[in-house]
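Number of protein chains: 4
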Amino acid sequence: MSGNTFGKLFSVTTFGESHGPAIGCVIDGCPPGMALSEADIQPELDRRKPGTSRHVTQRQEADRVEILSGVYEGVTTGTPIALLIRNEDQRSKDYGNIADTFRPGHADYTYWHKYGVRDPRGGGRSSARLTAPVVGAGAVAKKWLREHYGTEVLAYMSQLGDIEVPFEGWEHVHANPFFAATGDAALVARMEEAMDQLRRAGDSIGARINVVASRVPVGLGQPIYDKLDADIAYAMMGINAVKGVEIGAGFASVCQKGSEHGDELTPQGFVGNNAGGVLGGISTGQDITVSIAIKPTSSIRVPRRSIDKEGNPVMVETFGRHDPCVGIRATPIAEAMLALVLADHALMQRAQCADVRVTTPKI
Amino acid sequence: MSGNTFGKLFSVTTFGESHGPAIGCVIDGCPPGMALSEADIQPELDRRKPGTSRHVTQRQEADRVEILSGVYEGVTTGTPIALLIRNEDQRSKDYGNIADTFRPGHADYTYWHKYGVRDPRGGGRSSARLTAPVVGAGAVAKKWLREHYGTEVLAYMSQLGDIEVPFEGWEHVHANPFFAATGDAALVARMEEAMDQLRRAGDSIGARINVVASRVPVGLGQPIYDKLDADIAYAMMGINAVKGVEIGAGFASVCQKGSEHGDELTPQGFVGNNAGGVLGGISTGQDITVSIAIKPTSSIRVPRRSIDKEGNPVMVETFGRHDPCVGIRATPIAEAMLALVLADHALMQRAQCADVRVTTPKI
Amino acid sequence: MSGNTFGKLFSVTTFGESHGPAIGCVIDGCPPGMALSEADIQPELDRRKPGTSRHVTQRQEADRVEILSGVYEGVTTGTPIALLIRNEDQRSKDYGNIADTFRPGHADYTYWHKYGVRDPRGGGRSSARLTAPVVGAGAVAKKWLREHYGTEVLAYMSQLGDIEVPFEGWEHVHANPFFAATGDAALVARMEEAMDQLRRAGDSIGARINVVASRVPVGLGQPIYDKLDADIAYAMMGINAVKGVEIGAGFASVCQKGSEHGDELTPQGFVGNNAGGVLGGISTGQDITVSIAIKPTSSIRVPRRSIDKEGNPVMVETFGRHDPCVGIRATPIAEAMLALVLADHALMQRAQCADVRVTTPKI
Amino acid sequence: MSGNTFGKLFSVTTFGESHGPAIGCVIDGCPPGMALSEADIQPELDRRKPGTSRHVTQRQEADRVEILSGVYEGVTTGTPIALLIRNEDQRSKDYGNIADTFRPGHADYTYWHKYGVRDPRGGGRSSARLTAPVVGAGAVAKKWLREHYGTEVLAYMSQLGDIEVPFEGWEHVHANPFFAATGDAALVARMEEAMDQLRRAGDSIGARINVVASRVPVGLGQPIYDKLDADIAYAMMGINAVKGVEIGAGFASVCQKGSEHGDELTPQGFVGNNAGGVLGGISTGQDITVSIAIKPTSSIRVPRRSIDKEGNPVMVETFGRHDPCVGIRATPIAEAMLALVLADHALMQRAQCADVRVTTPKI
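Residue numbers (our numbering), protein chains in the order written: chain A, 1 to 363; chain B, 364 to 726; chain C, 727 to 1089; chain D, 1090 to 1452.
Next up, chain A with everything else stripped away, as it sits in the complex:
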């Protein structure tokens, strides 16, 4: 409960720093009897890992996952599943004045004031690298959800800076380096050019990611506090660099009338999904639709004003291998977080409402 555990029944506790010996997590609560091996997890990690295109950091990390426990003869036993990823890129390097100054927009400042000590190597625990164990845990949650409910969780980039990218189909997502759901080659080229310019300028940019879960069981979520949408917001805002979260119509709801927003029902199902698949904190059975805002990374080459630990003014430039748009690698992370929330609530629903049988046809 000291902050590094996510979830109540299907829970994940992570550990590690960017340049320490290893990073990893312990997944507690995955039900027994599910086939599981590293082959279920590694592909998800590979989607997140650096170096997949020139638009993301070129840091070389194999990010090879090892299952340390909780699986016997290829099947989960119901005991904790520990995942370990050794850090290969631990070389001691020149951090310049990073260790003694604070990068604008970076957690340097707050870690120092909170803990009185910080690990400056690659951002330490605040590094986006720490999303790797989460992606690993999410792979386990995804598999369990798929096997039990047919649930699928998928994400795509819907906006890169001011370039909005319409959704044209899931088949496009892995056919471009941005995980955008478009087949429009000109649009992709525009994105590539924007990224190349940024890289040359040593600057970075924000992005918007959409996440969708389909075939979600109806009834997930607790009506007050642990609402499904509240837990989704918690999960999403907890991803590095996220500054905003929307469910369903999101901020567009502000300008909607009730007669427009409330999704009507017919015997054939809901008409529209302004709710984003959640009403009163509980899943409706429709697609869960989430949209998140990712800020531009703070580690840039553009010189910026800051202070050092003594409070003296300094200029800070961050050299090294960084992502001009951290949003690009965020799609598997967002999927993982949503999957973990759903698996957690699915177990909670089994605990509390295992005996419920309603008469209404589920639509």
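Please note that the accuracy of each hint is not assured.
Unchecked claim - Here are the simulated EDC-like pairs of lysine to aspartate or glutamate, each with C-alpha atoms no more than 20 Å apart in a straight line:
| hint | chain 1 | residue 1 | chain 2 | residue 2 |
| --- | --- | --- | --- | --- |
| 1 | A | Lys257 | B | Asp566 |
| 2 | B | Lys506 | B | Asp566 |
| 3 | C | Lys983 | D | Glu1282 |
| 4 | A | Lys309 | D | Glu1282 |
| 5 | A | Lys143 | A | Asp196 |
| 6 | B | Lys620 | A | Asp196 |
None of these hints come from the bench; they were simulated from the model. As the structure is a prediction and not an experimental result, all values here were calculated from the model.
Starting from the structure of chain A, add chains B, C and D where the hints point.
Just chains B, C and D now, with coordinates in the frame of chain A:
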């Protein structure tokens, strides 16, 4: 942990339904030695209660709070503080076909499918009335924060439907029925007219609320998962009708460059607050700034298509006393939720980092 | 999580002090669809309440329970069930020097040092009176267990001071004022005489209580940390005045050989129950057998040495209505705690292992 | 919260099985700024490890601990500390019929029925080997307690089967293979002879361990539910093979009068410690004294009746390297668990009562 408890160290467990005998909460973890009486709590409840203007529901509820425990001779003892609010308006009324049908955009549908049973009286537990105990608990958190850190948490309505309301100063917030931070009488008149039209039309509208916490200690928040901003997102999305949450620059971050977004530091302090007072999940000591989207209420007189429990098509109209814009009464709720998050993290910070003394001058 | 909540999925949060306005609890996680009314709870409270014989405190409290929420038309809705018991005996009385001194063996001393403030009225929160809400919550858990598994939880006094009382059958438990499972009138008379002597001497005595749960499902308990027996030990040691807990053979295991202790299995079932129904932290399906040691109450008339708040030596005598043996009223409390542990683990088992179907015939 | 996490603020999540790739734990909540290296942890593990005398299992395991995270330049950073211990003894061996039968007194039976799958290699997760990570985590807690309060936690064996061993001083504990606090060579010889006989007979025996924490701050513990003694009972009963827990006078309290049990206070301090250092669930500042009963191990060579997975009768003998008395290696485990409970409550106390200043001289 079954969903009805909010917070870990400064925690609130609520109970009750809109038209049951009573609603209330148990506040666990409020430190001992603080002066506390109903007079500290009642004014906050009065701000939230119905009937304060023609623009909110006319339901008559005194919402008189009683402290049942945890206070001895006017001082908190460190034991649980139970708050009780008796429901006065329990009269049996004609719910028409509400009990057997599902209002579009309402939790009716999901409660029924989750629990197989539901309390249709005034929305039961999904009623916005259940925010009253939260406001009560928030008053206790606010007082504790104020006494220990000088922290203040304030909210205002920044948008009503498509009417944007600029922030012109806190002194205006209680001088108009919308809790808007404007002294522009023409703008307020425009809002009143918009509301009157809606009420006549039997329709409802969304709103945007901004919440600001000032004089927040630096160092609150756990870097992974229980980040301060993640917990704020959880708290805000958990408020009835909220569909979106932003911290700092929020969704505007998507179009920002890193050289623009990252708030520079000087010996005199931060230059700008795109971060919204949180970096790496930890408070910077700047103002915490949050913005939330509130959907239009689903209980409207405009007839809408729905189904009944057997899945047959029906038309639904909701008569009775309802809020054309639930956002109007949401400011004290948003303040309460943010105060509860801050108090919780402040206690956590005392637990973990009580010995930390950094050399940097806090700015 | 600040200490006043018991259980994870079937959880109870209590509040109140002995002489404050009210005591009560919030039960969170009771599944929906179970018939429930005050009539299910009141009889359990009546067993615990004072004044049932001359051997217990003569304080007059009706201990009338009111269900405030979570039940609609006589059926649980899956939302929190709040129980309220008003304190009738709040008369201001002369506490003599109790408020400024510390009774030997009493929580006076520790409350004062922990909180810096304490409620001396009747022991405040440390009063045994605070077990009343627990008994109420236990009644709900008992009913749920009975309906779902046929589980019964029963307790009896097996020792009063140095008088050991053999188990002769459950039918005797309510036929004597000590809840002893004996039909031996001479033995009961011996107990009555011992109690009368104590009362005249203004002294108190300890007791041993045995608790048995029968028809417990196999598979309850988490193998490390949240073992069923660990949670039972936590629950039992948490009852006021308990100083020791045994499961199964308990301390007798120290002198046993492995060939003697390990309960053999045959196709007809286990041979013996040294395990007390728990192996490796998980229920075997046999009876859960627990034994607890209850210390003599510290509130006695015999003068004792102590100090006051300034550290000066004083003599302390406690006048008023007290129990010469708090063990007498402890049987419903021990039953309630065991029932709550079992209900909690039963829900956890549904969450995690709902799909498990083993081939071995359950014995 | 799925059972494999211990503690709330200073928490430990363990993972691993006896013969899987590795075992370990994640310690979350250890405050920043404490010097820490493997050298602080390894000695505690070495006390617990097998093969230290002929009286314990001869399994060869180096039990070499590696710190994976949470420490930078030899100092804790406030982030999770992961400990990893690779299993060296993973050789595939002949488990005979263990995988298909149930050892009397062993968790085989319950794991199978709970999970429908089990890892039979060396007991899998139910192995006493899983106490190694706990001992590692306990070493961290011990160091923190020592540095902050001077607290020391020590244990000794006070009874081996029916041989009672009086406490004669801590200096004796590491001078005999039983961790007994006696300098009586004849008594030790009697214990050795008893053990040699048992080993020859292929049988096992129980033991009693006493644990003492000295220089404990006053005020640790929450008065209802998370009482210090309740959490100690939970911690102790959760150790493999423990069947009973006593605090202070324990079961002897049953026969005590109130005038005898309640520890008097004088300006110089408490007179006696029947309370075992806890009153009303809160520490008094005296020594915390705990005693636990450890059952004889169930893995013995003596043939015993059991059944196989199909329910057929079988005879079971357990060959291999086992402990004739698991109590011998239990002292570091009991110390670790008590240290973890105290560290957890110490952090909670800082959170809730950081401002409390009482006037009474602490005695």
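**OP:** Would you list, in rising numerical order, the hints stated earlier that this structure does not obey?
**Re:** Hints 2, 4 and 5 not satisfied by this model.
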